[in-house]
Amino acid sequence: MRKYLLQQTGSTGGSACPGNTMRSANWLAKNLGKFSSDAPLSDLDTFYPNITSEVEAFADLLSEETFQTLGALAVGLTPSMILSKADGQMLNRTLSVLSSIRGWSPAQASIIMKKLLQNGLQLTQARDVLALGTLVSGLPSSEVSQLSEDAILQLSADENFINILQGAAESLQYAFVHRILQSNEGKVFPRVPASLASQIPLSQLLSSQMDIDEINKMLWTPAQAQVLFQAVLKSPLNYSQLSSNLLQGFSCGAANFLKQSQFAELIRVLASKHIRIDKSQLRCTAKRLIGFITPSDFEEYPADILLYLGMEKDFGPDNCEKYFRQIGQVHFEILKKEASKWKTLVDQAEHCLGISSDSLSKKNLQILGNLSCALNDSQIIKSDPYILQMLQHCSSFTASQVTAIQHRLEDIFGSPSTWTASTLQGMGNLASILDSNILQRVPETSKTHFFPNFLSWLKIHNKEQFMYSLKQLRGPQRNKRDTTCPGVPLTADRVKKERDMVAARYTSTSELEACLPDSVLKNHLELFGSMEFEDPLLQVLKMKLDKTLGVLPEDYLPLLGHIAKAYQPAEMARWNITASDTLVALLRGTSWLNHDEKVNAMVNQYLKANHTQLGGSILTALDPHICALEDRLLQHLSPEDIWELRTPLDIPQCSQRKKSLIYHQVKATVQEHQKTQNAYYQMLKALLGGAPAEDLIQYAADSPVMDMDTFTTLNPEEVKKLSPQNLKDLLDVNLSELNTIVEHPTVQAWVKAHTQSEVNAVGLKVMAGHPHPTPDGFFVLTSAPPISRAEGAFKKHPLQISYTILLTLCRVMISLGAS
Numbered sequence: 171m172r173k174y175l176l177q178q179t180g181s182t183g184g185s186a187c188p189g190n191t192m193r194s195a196n197w198l199a200k201n202l203g204k205f206s207s208d209a210p211l212s213d214l215d216t217f218y219p220n221i222t223s224e225v226e227a228f229a230d231l232l233s234e235e236t237f238q239t240l241g242a243l244a245v246g247l248t249p250s251m252i253l254s255k256a257d258g259q260m261l262n263r264t265l266s267v268l269s270s271i272r273g274w275s276p277a278q279a280s281i282i283m284k285k286l287l288q289n290g291l292q293l294t295q296a297r298d299v300l301a302l303g304t305l306v307s308g309l310p311s312s313e314v315s316q317l318s319e320d321a322i323l324q325l326s327a328d329e330n331f332i333n334i335l336q337g338a339a340e341s342l343q344y345a346f347v348h349r350i351l352q353s354n355e356g357k358v359f360p361r362v363p364a365s366l367a368s369q370i371p372l373s374q375l376l377s378s379q380m381d382i383d384e385i386n387k388m389l390w391t392p393a394q395a396q397v398l399f400q401a402v403l404k405s406p407l408n409y410s411q412l413s414s415n416l417l418q419g420f421s422c423g424a425a426n427f428l429k430q431s432q433f434a435e436l437i438r439v440l441a442s443k444h445i446r447i448d449k450s451q452l453r454c455t456a457k458r459l460i461g462f463i464t465p466s467d468f469e470e471y472p473a474d475i476l477l478y479l480g481m482e483k484d485f486g487p488d489n490c491e492k493y494f495r496q497i498g499q500v501h502f503e504i505l506k507k508e509a510s511k512w513k514t515l516v517d518q519a520e521h522c523l524g525i526s527s528d529s530l531s532k533k534n535l536q537i538l539g540n541l542s543c544a545l546n547d548s549q550i551i552k553s554d555p556y557i558l559q560m561l562q563h564c565s566s567f568t569a570s571q572v573t574a575i576q577h578r579l580e581d582i583f584g585s586p587s588t589w590t591a592s593t594l595q596g597m598g599n600l601a602s603i604l605d606s607n608i609l610q611r612v613p614e615t616s617k618t619h620f621f622p623n624f625l626s627w628l629k630i631h632n633k634e635q636f637m638y639s640l641k642q643l644r645g646p647q648r649n650k651r652d653t654t655c656p657g658v659p660l661t662a663d664r665v666k667k668e669r670d671m672v673a674a675r676y677t678s679t680s681e682l683e684a685c686l687p688d689s690v691l692k693n694h695l696e697l698f699g700s701m702e703f704e705d706p707l708l709q710v711l712k713m714k715l716d717k718t719l720g721v722l723p724e725d726y727l728p729l730l731g732h733i734a735k736a737y738q739p740a741e742m743a744r745w746n747i748t749a750s751d752t753l754v755a756l757l758r759g760t761s762w763l764n765h766d767e768k769v770n771a772m773v774n775q776y777l778k779a780n781h782t783q784l785g786g787s788i789l790t791a792l793d794p795h796i797c798a799l800e801d802r803l804l805q806h807l808s809p810e811d812i813w814e815l816r817t818p819l820d821i822p823q824c825s826q827r828k829k830s831l832i833y834h835q836v837k838a839t840v841q842e843h844q845k846t847q848n849a850y851y852q853m854l855k856a857l858l859g860g861a862p863a864e865d866l867i868q869y870a871a872d873s874p875v876m877d878m879d880t881f882t883t884l885n886p887e888e889v890k891k892l893s894p895q896n897l898k899d900l901l902d903v904n905l906s907e908l909n910t911i912v913e914h915p916t917v918q919a920w921v922k923a924h925t926q927s928e929v930n931a932v933g934l935k936v937m938a939g940h941p942h943p944t945p946d947g948f949f950v951l952t953s954a955p956p957i958s959r960a961e962g963a964f965k966k967h968p969l970q971i972s973y974t975i976l977l978t979l980c981r982v983m984i985s986l987g988a989s
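Taking our numbering, the leading residue of the sequence shown gets 171, the next gets one more, and so forth.
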């Protein structure tokens, strides 16, 4: 297709489109034909730079003829344009065209669907839904509950429908799976499409009766796989027959019943299928394999666990290279967590490889692998240029490393003033560490061509580096108060092409206010809502919306994204939030950290709209903010809501009172499944911070091999009630790890509540908080307050006096024994 487009544009690269807007669209429809159905608008924009604005020009002319003329190019109309300009009756008459267009975003499809339904479109049977074609991704989740059981089952068997549904909002996917489960009369898996298995609630996985062959085909989340894992291990399937989606649920507790040889075989299968063991399970895995892995077979096991085995002493000069090549594959995040061990391994590797200077060869760098992320600034500067390739795998650096890397980049690529988009592309991930001093010297055209796509990628894969890069691109803050735009006003084309770069270019509230036309913001609200503007600039966007829209209609709320944070609770109290999809979109659209009052305001508005329960979809979206909810709202967590949870609630940041409240609510809902043991434990593990001591003792009876991350979330007041044997049963091979967190309040609480013999019994190397109890037959002598001379003597010679008292006491005891 690109070849065809290039032929049409000619060797000069100019547009072959006629200048007139309507003629342009007609030309595209006639000459591109089926190509435009398969090409994203961004591809067409590459060859026809004005195509975006030309398509948007149709927004004021929306009609049946318009959509028929635009065809696939209609996806260039933004959600806001469709919302404000499209008529429901006209859309209904054009349904056959709209339903065949590929590339609708969930927001576009949602707005079209709402208008169709408001205009009287009826969806009662499967054929009605299938007629929606690609618009299915915008179906309101409430409509799914109105479909008959037969319609739901027919749709679940339609491959094209399921493929479209995978691109829809999670709330719609969940609503559909929920209806399938209601239709299955207790059978969880047979009718749920494998690609939608992630929407099955955790509680539905606690059943002891399940078809292993069925669940082995389904695409599970890590949390779901953890609940299923022990049941899967007890199945007749060989470990190698298990899918990667199930194997990602590995935990030491679930595999605790396996013999040593079986456990080792399981870990080898994980390695062969490149399954990453969760970092909380690495130490316990290594402990079970100590003495079992040998220098002859260590390459058959995951590199991450080798970090905890201390096998480097087993390798001499002849074979240590092979060992450190394997260690170099340990994931960066694991190495960063074990910083002291990481540096020691680097030193040992350098000794093994005979590295005696800061200049490392390409071969040595390849052997070191991710260990290279620990190299110091001098080594980065003096080593082979291949060092930059190795550093691509490191997700963070020290300040001195950043300075050294930037020095090497300039050394290899030349002065930043000469860098092109291709130059920046060649830097790969390292472009994210360029500071403002360097970026100010890079030509604007180079940054404009490179950073929009790079920032979009970074935003998904490394949010921390994305925020750093955006901050550096902003450069020094400018306090401009001029009410006129100093440059060219923002246009639709520029906003679509630059995306997050717009948020980097505008750091002054007055400049953004002057340069952003109200119409551009309104017509591209979803795009502006996705941009990471700083709070003062979000206020500018809000002010402009207030001016053009007043109190926001409900259909605009899902498009707000980050802009929603700029509204105060009192303003949110005027919002009309009637649909669960609206609330879910608001909650997922931005981070609400430190905005508890606003979260409560939005939830209150939803409940005011005749809703008595939150529902599983909303509760899942609320998960990051569950601690923010007022106690009154937590009372709305009904057993039905909890039963529908798809991920464990995250409560470590909650107050102890809320932890206990949430734990007991969830436990009461799933308590009937205690017999599933490890599955039941996995379901509640994230909530154990609210568990009383008697429940912890009950979990300990099933040897869950609790990891330290979970242990440190427990209530210290309950942990101190546990006996040494309770701790041993609860932690199993992780017991010795208590010494690595001995200063943690949970450990300290237990130590202070127990005697030295009890503390010694669990292997802790600290002083206990309680003295040993006096054995039977012995008594404790207490003395009257000493006279001042004796007090002075005791202070002067405490050891001598204590020894004298002890010797006298021994003589008394001996004489008593003799009599």
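By construction, these hints were calculated from the structure, which means they are not laboratory data. Certain hints may be false.
Within a straight-line C-alpha distance of at most 27 Å, the following computed DSS-like cross-link-like pairs (lysine-lysine) qualify [what the hints assert, rightly or not]:
no. : residue 1 : residue 2
1   : Lys552    : Lys511
2   : Lys483    : Lys449
3   : Lys768    : Lys845
4   : Lys429    : Lys890
5   : Lys429    : Lys457
6   : Lys449    : Lys552
7   : Lys404    : Lys890
8   : Lys507    : Lys768
9   : Lys768    : Lys629
10  : Lys629    : Lys735
11  : Lys284    : Lys552
12  : Lys778    : Lys768
13  : Lys898    : Lys922
14  : Lys457    : Lys492
15  : Lys404    : Lys449
16  : Lys492    : Lys532
17  : Lys778    : Lys712
18  : Lys768    : Lys735
19  : Lys712    : Lys629
20  : Lys922    : Lys890
21  : Lys404    : Lys483
22  : Lys511    : Lys533
23  : Lys443    : Lys404
Ranges of calculated distance between the beta carbons of each label pair, as one might list FRET restraints [to be verified]:
no. : residue 1 : residue 2 : range
24  : Ala931    : Pro555    : 52 to 58 Å
25  : Arg758    : His940    : 33 to 39 Å
26  : Gln295    : Thr590    : 22 to 28 Å
27  : Asn764    : Arg744    : 46 to 52 Å
28  : Ala227    : Asp605    : 47 to 53 Å
29  : Leu763    : Leu389    : 26 to 32 Å
For every residue, glycine included, the Cβ atom is placed at its ideal position computed from N, Cα and C.
To see whether the hints hold, each was checked on the structure:
The hinted pair formed by Lys552 and Lys511 meets the criterion: a straight-line CA distance of about 24 Å does not exceed 27 Å. A hinted pair counts as satisfied when its Cα atoms are at most 27 Å apart, and Lys483 with Lys449 qualifies at roughly 24 Å. For the hint pairing Lys768 with Lys845, the CA-to-CA distance comes to about 41 Å; that exceeds 27 Å, so the pair is violated. Taking the CA atoms of Lys429 and Lys890, the gap is near 32 Å; set against the 27 Å cutoff, the hint is violated.
For the proposed pair Lys429 and Lys457, the alpha carbon gap of about 14 Å is at most 27 Å, so the pair holds. A threshold of 27 Å between alpha carbons decides the hint, and for Lys449 with Lys552 the separation of about 33 Å lies outside it, so the pair is violated. Distance check on the hinted pair: Lys404 and Lys890 sit about 35 Å apart at the alpha-carbon level, beyond 27 Å; violated. With a CA separation close to 35 Å, the supplied pair Lys507 and Lys768 exceeds the 27 Å bound.
For the hint pairing Lys768 with Lys629, the CA-to-CA distance comes to about 25 Å; that is within 27 Å, so the pair holds. Using a Cα cut-off of 27 Å, the hinted pair Lys629 and Lys735 holds, with the two alpha carbons roughly 19 Å apart. Under the criterion of a C-alpha separation no larger than 27 Å, the hint pairing Lys284 with Lys552 is inconsistent with the structure, at around 62 Å. Pair hint Lys778 plus Lys768 holds up; C-alpha atoms about 15 Å apart against a cutoff of 27 Å.
The straight-line distance between the Cα atoms of Lys898 and Lys922 is roughly 18 Å, inside the 27 Å bound, and the hint therefore holds. As the CA atoms of Lys457 and Lys492 are separated by approximately 22 Å, the hinted pair is consistent with the 27 Å bound. For the hint linking Lys404 to Lys449, the alpha-carbon distance of about 24 Å falls within 27 Å, and the restraint holds. For the suggested pair Lys492 and Lys532, the alpha carbons sit about 16 Å apart, so the restraint of at most 27 Å is met.
This hinted pair checks out: Lys778 and Lys712 have alpha carbons roughly 24 Å apart, not beyond 27 Å. The straight-line distance between the Cα atoms of Lys768 and Lys735 is roughly 8 Å, inside the 27 Å bound, and the hint therefore holds. For the given pair, Lys712 sits about 23 Å from Lys629 by alpha-carbon distance, which is consistent with the 27 Å threshold. A hinted pair counts as satisfied when its Cα atoms are at most 27 Å apart, and Lys922 with Lys890 qualifies at roughly 8 Å.
This hinted pair does not check out: Lys404 and Lys483 have alpha carbons roughly 37 Å apart, beyond 27 Å. Restraint check for Lys511 and Lys533: the C-alpha separation of about 23 Å stays at or below 27 Å, so the hint holds. The straight-line distance between the Cα atoms of Lys443 and Lys404 is roughly 20 Å, inside the 27 Å bound, and the hint therefore holds. Taking the beta carbon of each, Ala931 and Pro555 are about 56 Å apart, inside 52 to 58 Å as hinted.
A hinted range of 33 to 39 Å is violated for the C-beta pair Arg758 and His940, which are about 50 Å apart. For Gln295 and Thr590, the hinted distance range of 22 to 28 Å is not satisfied, since their beta carbons lie about 57 Å from each other. Remark: the range hint 46 to 52 Å for Asn764 to Arg744 is contradicted by a beta-carbon distance near 23 Å. A C-beta distance of roughly 41 Å is found between Ala227 and Asp605, which places it outside the suggested range of 47 to 53 Å.
For the hinted restraint 26 to 32 Å between Leu763 and Leu389, the CB-CB distance of approximately 30 Å keeps it satisfied.
The structure fails to meet hints 3, 4, 6, 7, 8, 11, 21, 25, 26, 27, 28 from the earlier list, while all remaining hints are met.
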